[in-house]
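These protein sequence lines are chains A and B, in that order. Residue 188 in this note's numbering sits at position 188 of the first sequence, with consecutive numbering throughout. Residue 1187 in this note's numbering sits at position 187 of the second sequence, with consecutive numbering throughout.
In silico DSSO-like pairs for lysine-lysine, Cα to Cα no more than 30 Å straight-line:
(1) K1196/B with K92/A
(2) K1088/B with K1196/B
(3) K1080/B with K1196/B
(4) K92/A with K1080/B
Since the hints were derived computationally from the structure, they do not count as laboratory data.
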Amino acid sequence: MKKFLIIAAFLVMVFAGNANSQSMTTVSYSMGLGTGDLGDYASTFSGRGFTIDYRRMVQPNVGVGFYSGWNVFYDERPFDTYTMDNRSISGKQYRYVNSVPLMVATDYYLKPGEDMNPFIGLGVGTIYTERATDMGIYRLTEDAWSFAFAPQVGFMYSLNRYAGVSLAVKYNMGLAAGDFDSSQSYLSFNIGYVFMGN
Amino acid sequence: MLVFAAAIGLWSCYPDGPDYYEDTDITFTQHDSEFDFASRQTYALPDRIVVDVEIENGDTSYVYMRDVYATPILQTIDAKMSEYGWTKVAISASPDVVLTPAAFKNTTYFYSYWYDWWWGGWYPGWGWYYPPYYTISSITTGSMVINMADPNVDNPVDRAPVAWMMIGNGLASGSNNVSRITDAINQAFEQSPYLKTN
Chain A
1 MKKFLIIAAF LVMVFAGNAN SQSMTTVSYS MGLGTGDLGD YASTFSGRGF
51 TIDYRRMVQP NVGVGFYSGW NVFYDERPFD TYTMDNRSIS GKQYRYVNSV
101 PLMVATDYYL KPGEDMNPFI GLGVGTIYTE RATDMGIYRL TEDAWSFAFA
151 PQVGFMYSLN RYAGVSLAVK YNMGLAAGDF DSSQSYLSFN IGYVFMGN
Chain B
1001 MLVFAAAIGL WSCYPDGPDY YEDTDITFTQ HDSEFDFASR QTYALPDRIV
1051 VDVEIENGDT SYVYMRDVYA TPILQTIDAK MSEYGWTKVA ISASPDVVLT
1101 PAAFKNTTYF YSYWYDWWWG GWYPGWGWYY PPYYTISSIT TGSMVINMAD
1151 PNVDNPVDRA PVAWMMIGNG LASGSNNVSR ITDAINQAFE QSPYLKTN
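From just these sequences and the hints, can you work out the full model?
This is the structure in structure tokens:
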């Protein structure tokens, strides 16, 4: 009986949660800044990227869903000589990094129901990182599927019942894996449009 | 839909890479770390550069680079060798090393004919080969290639391993400006200080 009550209470909670609830889909323009090893490789601030976040509200102040996106980093290195063992190669380098996070994510909303609603969140999953170094016609490609985290802070502002805008900063951290000896991380600054649905 | 549009938008602003043909110019050098360059003094260099081979009714004839291009290239090689303390001698004077420049008009079957040219044409009875750690597969159409080898070999097949090589990739294509090739030769010597005998 006690067990039944607990389960019932839980179900009521879930249904109650579902009843008022909502889902939020945020599509953001995402700007990136490489940090750590990724930042050493491509240090320029990148305006190329987008993210998509989906959250289903399981509580008025807790959303669970997924996070994905695509950030591109690009950098050039001037003419220089790179030597490895008995080989040397001179030329300009063009560097590209593509980063695609795929994560399950939870956000905690500090002021649910209010127009201005700050949140903090965490995503856990993987980041696919592909790094390509071009010299002349040669391309060196390194890639990895890394175990990854993405904590974020931000806020959203409700425009009406169905839509809002959001600003969020995510720190995307992929642990060392595949071709990379060190973690591949970057900050992303996301300006998004929020679709609120039922 | 939005994601799709965003993806297309992203492709359209994907970073550019090289702006000019010259930005793709690269100079690759590789050397045999066992080879003692400093103990050698003299070299031989042909006065023509082979660029292709034509086969007609079983007869092979070689195609040479026009003098307007070949002369500055050969002069550049002579200048750099002289700067590094080498003395030019005729092939009959048994030089310590021979240089074998070529420009690859195409790569499919040229290699073995290039070899035959030295064997039967320029340096009779003499040949060379690439040690297994050399990456000749990276030579592409339009590349300038120079090999250095010691012809004073004493082995049953009279073929000497290549001691030093340079590849200027793609330099001979796309532009009729010979300075890209001579720049690459200068760069090749600059990044190979072990060639100095003085």
